[in-house]
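Asker: Given next are the chains, with one letter for each unit.
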Amino acid sequence: MKVPIHQFYELKMEENSGSAPPTSALGAQNHNGGGGGQQLFGSVNVSVANNKHQQLGGGGINDVDITGDNKEQSPQYSMPGVLHFLQHEWSKFELERSQWELDRAEFQAKIAFLQGERKGQENLKLDLVRRIKMLEYALKQERAKFHKLKYGTDLSVEEGSTGETETDMTTDGGGGDTETPFSSISNITWRQGRQLLRQYLQEIGYTDTIIDVRSNRVRSLLGLNNNQDSEDTNTPALNGNESTNKKRYRHPKYPKSWFSPKKEGCNKQQPSSIAEAMILDTEAAVMANFEFLAHTDIDMEEEDNDGEDEIYDSNTDAKQNKTSIMMEDVDAEAEEVLNELNLLTEHEESIIHVDLDSNDWNSVRRGMQPDSSRRPCEESGSSLGLGELAQLTVNNDAEAAYDMSANNEEACRRSWNAKYTLRSHFDAVRALVFHPTEPVLITASDDHTLKLWNLHKTVPAKKSASLDVEPLYTFRAHTGPVLSLAMNNTGSHCFSGGLDGKIHCWTLPSANIDPYDSYDPSLLSQTLTGHTDAVWGLSMCHPRSQLLSVSADGTVKLWSPASKVPLLNNYTSELDKNPTSVDFIWDEPHKLVVAYEEACVIFDGETGQVVSRLAGDATQGVNRIVAHPILPLVITASEDRSIRFYDHRSASLAHSMVAHLDAVTSLAVDPNGLYLLSGSHDCSIRLWNMDNKTCVQEITAHRKKFDESILDVAFHPSRPFIASAGADALAKVFV
Amino acid sequence: MAEGCISFRRTRPGTKAKDFNRWPDEPFEEMDSTLAVQQYIQQTIRINPANIDLILSMPESQDEGVWKYEHLREFCMELNGLAVKLQIECYPENCSQMTATEQWIFLCAAHKTPKECPAIDYTRHTLDGAACLLNSNKYFPSRVSIKESSVAKLGSVCRRVYRIFSHAYYHHRNIFDEFENDTHLCRRFTVFVTKYNLMSKDNLIVPMNDITEMNEIDHQ
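As they're listed, the protein sequences go chains F and W.
According to full-length UniProt numbering, the first sequence is numbered sequentially starting from 1.
According to full-length UniProt numbering, the second sequence is numbered sequentially starting from 1.
Only chain F is shown next, with the shape it has when bound in the complex:
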């Protein structure tokens, strides 16, 4: 505003005289008196009249400046001028007053909104705490029931402890009593307050938007996103009040008996029962969460929002535990687990199985969650008479929050679970390979055949979480066990190497072929002959459609299957014999790395010369060698239970770890290079984080035949599937 006026002055000055410097004009303006200054300030609040007035005043000043040199000339008042000024002042004050009023209303609305929000959250919290209690109770009951079913009678110690929990429940009930009036009162007052608020807001005319904002806010709060610019909702005084309240009714809720050695001892008395042990596990998890809760109770003053989140977490956990305890539904699994345990003799192994169990149980939990998410509510509602709880949660928009937190949980705890079992081979499955895009895979077995499987064509299996798949097509041409497999990048052909020294190239039939169609000999499109002994390893370089093979005849051969003379090159190392595995080095595709019985050697693919040998004396006994798809890493799986990482540029050892309890047989790197999958004769497959080389998951997948167990593992190149091939004639696919 000031600038244009100023310019206006300058222009006038130049027109009229040009002698007086602009600063003097400014000074004159200042001199014009407080009124003028005020006018200027007032004019920020904009009124057309004001502007005009100033212009008039400005004209006057201008006159003065030109006419005289005496700066102390008193301003001249005229009646209309004064009136005008007063009028203007009045309107200005009026304006300000209305502004204040507006602000006040706004703040009041905000306060009301925040108070409402706080109340809502408080209620939610109460509700959730009650829910936790409910679930605790249900859990106890289920456990007692399970125990009864399992042992026929309640053990005396158990009885004692259940008695204790009974008393806990009564104290809980007491707690509930003190809580109920509190919550109901607060409910009523809160509801009234909310009604009032709504009216208020409607008067202001903000209803819709504010309510929208509010619900969004609540949602984001509960959705564990703390990214909002959180205006601290609670005054410290209120908060203190609240937390003391909470402490009053919450403390009896963490009964000491949960941690009591008596209960622990009772559980320890039956170490034979794996289910019991599992329950112990879950109980421990619940305990941990509850301890967390207790902490958050104290932290509540500072971190109200965070506390809320914790409660949500523990709540969903409790729910999961609850579902997992529903023994009747998962009886089959329990049975299986028990059977498996009976077969075990070694203590070590049984520990692993317990690990596996918790994995399995995870899967059960996850599987059951969708349909049972409402069950705990109904069940305990009937048993505790808290049916109105459901309504409460609906009022509080908690359902949505539940879903969101459950989803979050899902994302955090991504674990693989056995989904498909591929049974149709008669003997050990030596190798498997996935189609690059389709949910299709091929397995190769000691029974001389390859089989094609479509994971979308399943046979419904009774009482089992995993689905059975029947093979679509059986490839027969090898006259001995089939040892290795590879597929090209379009999925149109696959290659199989056998004990008979042959490499067969197969055209893949359609993924929807009738398994009992008539025989088409043309599917065997080509046979690469050249090896004189078992072909143990194949690797496909997709960009160039070239195939590498290693054979027990001591040679490594490079093929171009489509061309007339398929054999391109032959690599041999004079120092070494019996190559076991081969792979292209992906970041330098002209190189290849071969694992021999005694060493690992990097070849230049074009010249056939040895580039380097991987350092260290631990390069013997390598069963499988794979190159990382992105990093300059070569990974080896060896008979001495280790997985080793080498930098292939310097041929030096980067990392070494004992990865399994028995020989590591197979490796696979996921397409993004983030995870490593390993299979071992210890019957387990393990998933490793490539970053920190820690084991993310272990799955016991296959049984032993003689001393062999898992012979191959694979990642699907584009879909979330992993697979393992076992000496027990099965292949399994995990999702």
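Hints in this document: simulated from the structure, not taken from any laboratory.
As the structure is a computational prediction, the values presented were derived from the model and not from experiment.
It is possible that part of the hints are untrue.
Now the stretches of chain F that chain W is said to cover, found in silico as 3 or more residues with beta-carbon under 8 Å [to be verified]:
(1) 415-424
(2) 472-485
(3) 513-520
(4) 575-581
(5) 704-712
Here are the in silico distance ranges between beta carbons for each label pair [claimed, not checked]:
(6) W:Gln62 x F:Lys564: 51 to 57 Å
(7) W:Pro59 x F:Glu598: 37 to 43 Å
(8) F:Pro521 x W:Asp202: 30 to 36 Å
Note that beta-carbon positions come from the ideal geometry of N, C-alpha and C, so glycine has one too.
The hints should help you fit chain W onto chain F, whose structure is shown.
Answerer: Chain W alone, transformed into the frame defined by chain F:
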């Protein structure tokens, strides 16, 4: 420890074909795997495929259902070898029907309605069907114990796969002889089904002179 390493019964990658699965024998009593019966059968076959009596003599305290089941699995698996040989020579053009002697035409049971498949398709379908049935989670969920009702299924599988032998014998004699020389499979199969009474003798149309004699001895 080095001794221990050597005694692992596993075939490492890089092993030559002649050394495949060539490890010290393990007494059946020491096999604690769930696949002990298969292990034992394969072990005795590897020692000498011609020693049919040893291969088919069941260890004491072995469940007979599992014993028969595992043997049948082994037969079907080894029949893949015969099927591979037949694929080269047996075309739908010359063997448009599954026949052995001219007495019967066998219909392929792998289809919803039994179908008159060419011999090679019959062979493949029968083996595929047997693989599915013998691996079926419904009928054979365990390889440690087998339901009585499922044991009854073994007979029909035997009848069907035997036709592969008989077709090869009557129509592709050179293949049959070559295969039989290496594996003694048809002989073993004949003794097996006779011993466990899984097929009627009228259906055993591939002549096995000494076996019939042996059976007569058995019956005396």
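Asker: Quick one: which hint numbers does this structure break? Sort them smallest to largest.
Answerer: The structure conflicts with no hint, since it agrees with every one listed earlier.
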